[in-house]
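2 protein chains.
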Amino acid sequence: MSFTLAEARAADAADPLRPFRDRFHLPQGLVYLDGNSLGALPKAAVGRLGRVIEEEWGEELIRSWNSRDWIGAPQRVGAKIAPLIGAKPNEVIVADSTSVNLFKLLVAAAGLSDRKVILSEAGNFHTDLHIASGAADLLGLQLEIAPRAEVEARIGADVAVLLLTHVHYKSAERFDMARITAKAAEAGIVTIWDLSHSAGAVPLDLNGAGAELAVGCGYKYLNGGPGAPAFLYVAEPLQGRLLSPLRGWMGHAEPFAFTDDYRPAAGIDRMLAGTPPILSLAALEAGLDAFEGATPARLWSKANALFDVFHGLVEQNCPELVCITPRLPEQRGSHISFRHPNAFEICQALIAADVIGDFRAPDVVRFGLTPLYLGFEDLWQAVDRMAAILRDGTWREPRFAVRGKVT
Amino acid sequence: MSFTLAEARAADAADPLRPFRDRFHLPQGLVYLDGNSLGALPKAAVGRLGRVIEEEWGEELIRSWNSRDWIGAPQRVGAKIAPLIGAKPNEVIVADSTSVNLFKLLVAAAGLSDRKVILSEAGNFHTDLHIASGAADLLGLQLEIAPRAEVEARIGADVAVLLLTHVHYKSAERFDMARITAKAAEAGIVTIWDLSHSAGAVPLDLNGAGAELAVGCGYKYLNGGPGAPAFLYVAEPLQGRLLSPLRGWMGHAEPFAFTDDYRPAAGIDRMLAGTPPILSLAALEAGLDAFEGATPARLWSKANALFDVFHGLVEQNCPELVCITPRLPEQRGSHISFRHPNAFEICQALIAADVIGDFRAPDVVRFGLTPLYLGFEDLWQAVDRMAAILRDGTWREPRFAVRGKVT
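Protein sequence lines, in the order shown, are assigned to chains Z and F. Going left to right, the first sequence walks through residues 3 to 409 as our numbering numbers them. Going left to right, the second sequence walks through residues 3 to 409 as our numbering numbers them.
Bound-form chain Z, shown alone (with noise of 0.2 Å):
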């Protein structure tokens, strides 16, 4: 191959954010490119998480609430990804999932006008449509969900909310947040953007580009478990204005005084729902501790020599798969997608190879290029490996196309 194993070595050698990757367990021979999906094990959230069992738990029991700040955990931890995205720390918080804290914030912007319309794009992650058009039939609101490239064109002054993810799940596709944002604006449109395949390691300046709301993935390029807690942020101008449709006791301004009425609490507060998850949040925080020196920058400069580097390899060593991620390092997230009608065997064969990419209905094979922890010789040798399974169509074994519950 024409970036050889000895130039991966190289690179990873002079690689700035080589040390990061200590902070992270990978599986020995395991290539790891799913980070996307779910990050990996930070070293620190075994101790970690240890400790809130065995001694915040098992020890100081029910005292955790106070002793522990188990009660401050959702604004803490949210505290500790806003600079991630260009937030202040009082306008993120961790709870629930990204499914629900759309909801959330779908209703409440919606409460803001009497326009008639949630637009989003065609091909959306699902449960963003999905929570949309819950949201649509509960509001009486219209569902419009547009070709990504006619949404723009469809931006009027119908639309209440305009939802985006920024960075496709799939394809990788990015949007222009502040350009989109502002133009939205203009017609009297809060955009909600989901960050879930950005986060972490695409550079993201919600403030700068003056995003209102947002939602976030903890499990992703956060790293912060399976099924980690998901991050909600709401732009300070907007926080008195919005109500929650989920009025738990933890967005009350008096949690604890047990009144029959519902005030919501100042600030972002009010967007939480119920009882904090402590244990996945602690996870979610040990995550986050693990960016601790490492600059959006600087992780940003490390996603594109990854992508430059397994896009050249694999244009090169595996000429079949047709890539349908931008090439523009401003046009795109941080995985790379590939179509190939036999995605799905390709990606089980990989798998089997120990490379882990992941497959997504129907053609797509995807990896993650998780600039935090991967290294060049990760990729050097997930195309290797990739090359060998094409070339001697070792993904035609019947086994490889077996499906599960998930794939």
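If you're looking for bench data, these hints aren't it; they were derived computationally from the structure. Possibly wrong hints are sitting among the right ones.
For identical chains, the list gives no copy identity; a pair is met inside one copy or between any two copies.
To be verified - Straight-line C-alpha distance at most 25 Å; calculated PhoX-like pairs for lysine-lysine:
(1) Lys407 with Lys45
(2) Lys407 with Lys90
(3) Lys82 with Lys407
Starting from the known structure of chain Z, arrange chain F on it as the hints suggest.
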């Protein structure tokens, strides 16, 4: 005291549930009477979480969704709750928080009729009332809250949904589930039961009572850990008729087909929303496994013995405390509450004396009598220390009046 320490120890020795105590970590010297707020740590949770974190997440990574059946956790863990609440295994799932689950069921149940009223109890746990008021506002319904004694009389043809908490969080008063469910059903009303202060201690027979919908908490008597995910019950006949307002991808008929259109899953799965929180689910599963071999009947018989002993000891040795919990077993749950103008200070002084109960505003001190791991000597010790605090006026020390974030 009339029930002596020697008698307490003899009662412990004769207790058929005594071996279950060894399944929990109970700090040396501490009397923990707050298992109805946060259950104690099941010893098995430590190893199980360790394995989930280090092996399933760390080594298996994304593959665990299939290989370790992460994807089936909401149903698998729900099926373990089923026998504790008198439900079929396919009628219970674990997901989200109690607040969020309540919202799903309220909106879904309201969608079954054109009626305009959600009826609940004044002084119900406030998150239930807040969630209901949010749902009512969204749907253009009225939330009516009636004093406890008047709830039944208010059952009428304009009520869509009756929302009641089976055992009251403060007084421990219990509603007659079978009778009220039947009376409501006769009037065409769907009842939602909140089982947060019942499940795991109080005998429940949802199927036998004709209950259609219920939610409940995972971190109280079920010992799932701080902020554990909650459960949700939908009786089989209703499952195909309910639609969740939170249409997350996990409730889709084909979550991995990635289609723009929403099609609800068959059965109770449609009530799932976002990605399941695997770490939290693992802890809850360990909590439920600790019930293995303890029948609901035996739990309740033990809970009653604990209640009688505690009630008797307090009546005799702490006459300043006024019990607000009914004596008769069928009228109450498994905690006991007392009124005192200085309940807050008494509670704090007890904590300083290593007896943990909790304070509920404005003037209640509450003790959870967890049948699975509490012993009679625990109760003797607690009352012995409380009697001394009251006798000596220790609670008057200024430090016991200092309020924390969570009180």
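- Report the numbers of all earlier hints that the structure fails to satisfy, in ascending order. Hint check: 1 fails alone, others pass.
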